[in-house]
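Colleague: Sequence:
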Amino acid sequence: MRGWMRLVTVLSCLLLVYFVPCHSKCVMTECDGETDSSHPPCKTNASSFQPITVTRSKHPKYIARLKSIALIYYKKKTKHKSVEKIEFKVNRDFAEGLYTSCKNTWASQNLALSFLSLGSKVSYENFYGFMGRKDPSVNIPMHTNFEFTRDKKAMNIPTTPCHKPANPQTPACGIIDCPLESYQLLDLSEMETRGVRVFEHQIKYFEWFLRLCGCFTLTMILIFALKYSCHRSPTASENCYVDFGPGSLEVQFEHLCVQYAQVVIHQPLKCVFLGLFVASLCCFGNVWFHSLTHSIDQVSAADGETRRHQKTFIETFGPTHRIEQVFMTFPPSMPENFLNQDDTHFFDEMFQLINRIQNLTVFQGDSKFSLDDICYRPLGKTKGCAIMSPTNYFQNNWNTFVNVEDNEEDFDYNEHNPFTHLKHCIFHPFTVKTPTGLSCFGEFGGPIDRR
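Going by mature numbering (1 follows the signal peptide of the UniProt record, and there is no 0), the letters in the sequence shown line up with residues -24 to -1, 1 to 427, in that order.
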């Protein structure tokens, strides 16, 4: 019985050696674009929290459905009936699934959920605490409390895991891009069908051959090591880890080693040349491997739809977008410390330069094109262009810059002024509201990359 248990232990080790490389393939998938869009399930799950438009005919049914999953609190002693607070009953599984699918998404060198978390620390409590906080300055007109429960009547929308596509037309992200929760990584079948491996070879079933050779080699090493321990203590046969009968396998293995040693002794040159031939074949096999070093090749499939569209666009129009940089320097005659809080002439010229850049126009025939027609807008046409400039800390508006003020009684000019706002935004670009009451976000709706 002890021998069978030891044999089962050896086989278990071999199975582990086999399954570990089987499930640790490094696969790159076609999740092109910005980092925050490389997790389609995050967008899919978050869209279920978007407000919906209700027509007058469907309003009673909507209110009845809303009251079944939420409690509505109205303001007291007001002429018009208005909502003060809404308390939603949210199923715990849905709340955790929504947070888990988005907590590892990055945007602008930081976690995307840091914008929606109290104190910029991404956590489960801070995320839902911010979503329920009333703040008229950012268009949150009422308090929203979330009561997490296991009640079946509560809001419970099935969430899409990270490793699954949001819809049939959207490719799934790679395993390495997903969170490491085990329950999201169990279903590994039929994944990455459009991916490209970092090291690709053209030999069919080559990995199976390598695995079988590895298992066979490991088995021979284990048998040799365990039988060698039996030779060192022949009188204590009960201490042997493997027993295959009266030594037939052991004797054959010893005869094989003796024959190999005799061949090496009598024909050393032939053995050396044979070894060199095998080594040359192994080295020659490297021509079947190629390494993808270009960043685009590593993250996108060569035959993917996005790559085809990009190639067609570049061949027709040139690069998809360009980044132009403009540097302003002080005149040589000016001292290094000429810029102070009383001299805003330099900033006035900065705002004038940004204004002239925004008003650049080109005429082609009867058509007129401006920067607004070709610039990059992360949040769509309703927001401005992505201009990374210190002036965008003031939304590229000169009046906003000169009219920064504080009407509090303890007003201190050295503490509350445009320069303090500028300094605060440079060190904390994700600040929604500085002590001056302004936001550090640019007119395009996002933070300014100070680099």
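Keep in mind that the hints were calculated from the coordinates and are not lab data.
Be aware that one or more of the hints could be misleading.
Computed list of lysine-lysine pairs in BS3-like fashion (alpha-carbon distance at most 30 Å, straight line) [unchecked claim]:
| hint | residue 1 | residue 2 |
| --- | --- | --- |
| 1 | 409 | 61 |
| 2 | 61 | 97 |
| 3 | 79 | 65 |
| 4 | 110 | 399 |
| 5 | 344 | 359 |
| 6 | 97 | 110 |
| 7 | 359 | 409 |
| 8 | 409 | 399 |
| 9 | 61 | 110 |
| 10 | 79 | 359 |
| 11 | 344 | 357 |
| 12 | 97 | 79 |
| 13 | 399 | 359 |
| 14 | 287 | 344 |
| 15 | 110 | 359 |
| 16 | 287 | 359 |
| 17 | 97 | 287 |
| 18 | 409 | 110 |
| 19 | 61 | 79 |
| 20 | 409 | 357 |
| 21 | 287 | 246 |
| 22 | 409 | 79 |
Pair ranges (Cβ atoms, derived) [as the list claims (entries may be wrong)]:
| hint | residue 1 | residue 2 | range |
| --- | --- | --- | --- |
| 23 | 304 | 186 | 40 to 46 Å |
| 24 | 262 | 332 | 33 to 39 Å |
| 25 | 346 | 411 | 20 to 26 Å |
| 26 | 189 | 288 | 41 to 47 Å |
| 27 | 393 | 288 | 32 to 38 Å |
| 28 | 123 | 408 | 49 to 55 Å |
| 29 | 187 | 255 | 19 to 25 Å |
| 30 | 256 | 232 | 24 to 30 Å |
| 31 | 262 | 307 | 42 to 48 Å |
| 32 | 421 | 284 | 54 to 60 Å |
| 33 | 187 | 62 | 52 to 58 Å |
| 34 | 256 | 284 | 56 to 62 Å |
| 35 | 112 | 349 | 30 to 36 Å |
| 36 | 63 | 285 | 42 to 48 Å |
Computed from a predicted structure; not experimentally measured.
In this text, a Cβ means the ideal position worked out from N, Cα and C, and glycines have one as well.
Colleague: Hints first: check each against the structure and report whether it holds.
Modeller: Outcome of the hint check:
Between residue 409 and residue 61 the alpha-carbon distance is near 23 Å, which keeps this suggested pair within the 30 Å criterion. Among the hinted pairs, residue 61 with residue 97 is consistent with the structure: their alpha-carbon atoms are about 25 Å apart, no more than 30 Å. This hinted pair checks out: residue 79 and residue 65 have alpha carbons roughly 22 Å apart, not beyond 30 Å. At roughly 28 Å between alpha-carbon atoms, residue 110 and residue 399 fall within 30 Å of each other, so this suggested pair holds.
Taking the CA atoms of residue 344 and residue 359, the gap is near 21 Å; set against the 30 Å cutoff, the hint holds. Using a Cα cut-off of 30 Å, the hinted pair residue 97 and residue 110 holds, with the two alpha carbons roughly 19 Å apart. Proximity of residue 359 to residue 409 is assessed by CA-CA distance (about 19 Å); at most 30 Å being required, the pair is judged to hold. For the proposed pair residue 409 and residue 399, the alpha carbon gap of about 13 Å is at most 30 Å, so the pair holds.
The hinted pair formed by residue 61 and residue 110 meets the criterion: a straight-line CA distance of about 9 Å does not exceed 30 Å. Between residue 79 and residue 359 the CA atoms are separated by roughly 25 Å; this keeps the pair inside 30 Å, and the hint holds. Distance check on the hinted pair: residue 344 and residue 357 sit about 18 Å apart at the alpha-carbon level, within 30 Å; holds. Distance check on the hinted pair: residue 97 and residue 79 sit about 11 Å apart at the alpha-carbon level, within 30 Å; holds.
For the proposed pair residue 399 and residue 359, the alpha carbon gap of about 24 Å is at most 30 Å, so the pair holds. Only pairs whose Cα atoms come within 30 Å are accepted, and residue 287 paired with residue 344 is accepted, the gap being roughly 27 Å. At roughly 23 Å between alpha-carbon atoms, residue 110 and residue 359 fall within 30 Å of each other, so this suggested pair holds. At roughly 29 Å between alpha-carbon atoms, residue 287 and residue 359 fall within 30 Å of each other, so this suggested pair holds.
Only pairs whose Cα atoms come within 30 Å are accepted, and residue 97 paired with residue 287 is rejected, the gap being roughly 40 Å. For the hint pairing residue 409 with residue 110, the CA-to-CA distance comes to about 14 Å; that is within 30 Å, so the pair holds. Among the hinted pairs, residue 61 with residue 79 is consistent with the structure: their alpha-carbon atoms are about 26 Å apart, no more than 30 Å. A hinted pair counts as satisfied when its Cα atoms are at most 30 Å apart, and residue 409 with residue 357 qualifies at roughly 24 Å.
Annotation: proposed proximity of residue 287 to residue 246 is violated, straight-line Cα distance about 54 Å (limit 30 Å). Only pairs whose Cα atoms come within 30 Å are accepted, and residue 409 paired with residue 79 is accepted, the gap being roughly 23 Å. Judged by the Cβ atoms, the range 40 to 46 Å given for residue 304 and residue 186 is violated: they are separated by roughly 60 Å. Take residue 262 and residue 332: their Cβ atoms lie about 57 Å apart, and the range 33 to 39 Å is violated.
Checking the proposed 20 to 26 Å range against residue 346 and residue 411 shows it is violated: the Cβ atoms sit about 36 Å from each other. Restraint check, residue 189 to residue 288: a C-beta distance of roughly 45 Å satisfies the suggested window 41 to 47 Å. Here the CB-CB span from residue 393 to residue 288 is close to 51 Å, at odds with the stated 32 to 38 Å. For residue 123 and residue 408, the hinted distance range of 49 to 55 Å is not satisfied, since their beta carbons lie about 26 Å from each other.
The beta-carbon spacing between residue 187 and residue 255, approximately 22 Å, falls within the hinted interval of 19 to 25 Å. Here the CB-CB span from residue 256 to residue 232 is close to 26 Å, well matched to the stated 24 to 30 Å. About 60 Å separates the C-beta atoms of residue 262 and residue 307, a value inconsistent with the hinted range of 42 to 48 Å. For residue 421 and residue 284, the hinted distance range of 54 to 60 Å is not satisfied, since their beta carbons lie about 31 Å from each other.
Separation of residue 187 from residue 62 is about 57 Å and conforms to the stated range, judged on CB atoms against 52 to 58 Å. In this structure, residue 256 and residue 284 break the distance hint of 56 to 62 Å, their C-beta atoms being roughly 40 Å apart. In this structure the supplied range 30 to 36 Å holds for residue 112 paired with residue 349, their Cβ-Cβ distance being about 34 Å. Against the hinted window of 42 to 48 Å, the Cβ-Cβ separation of residue 63 and residue 285 comes to about 46 Å, which satisfies the hint.
Hints 17, 21, 23, 24, 25, 27, 28, 31, 32 and 34 from the earlier list are contradicted by this structure; the remaining hints agree with it.
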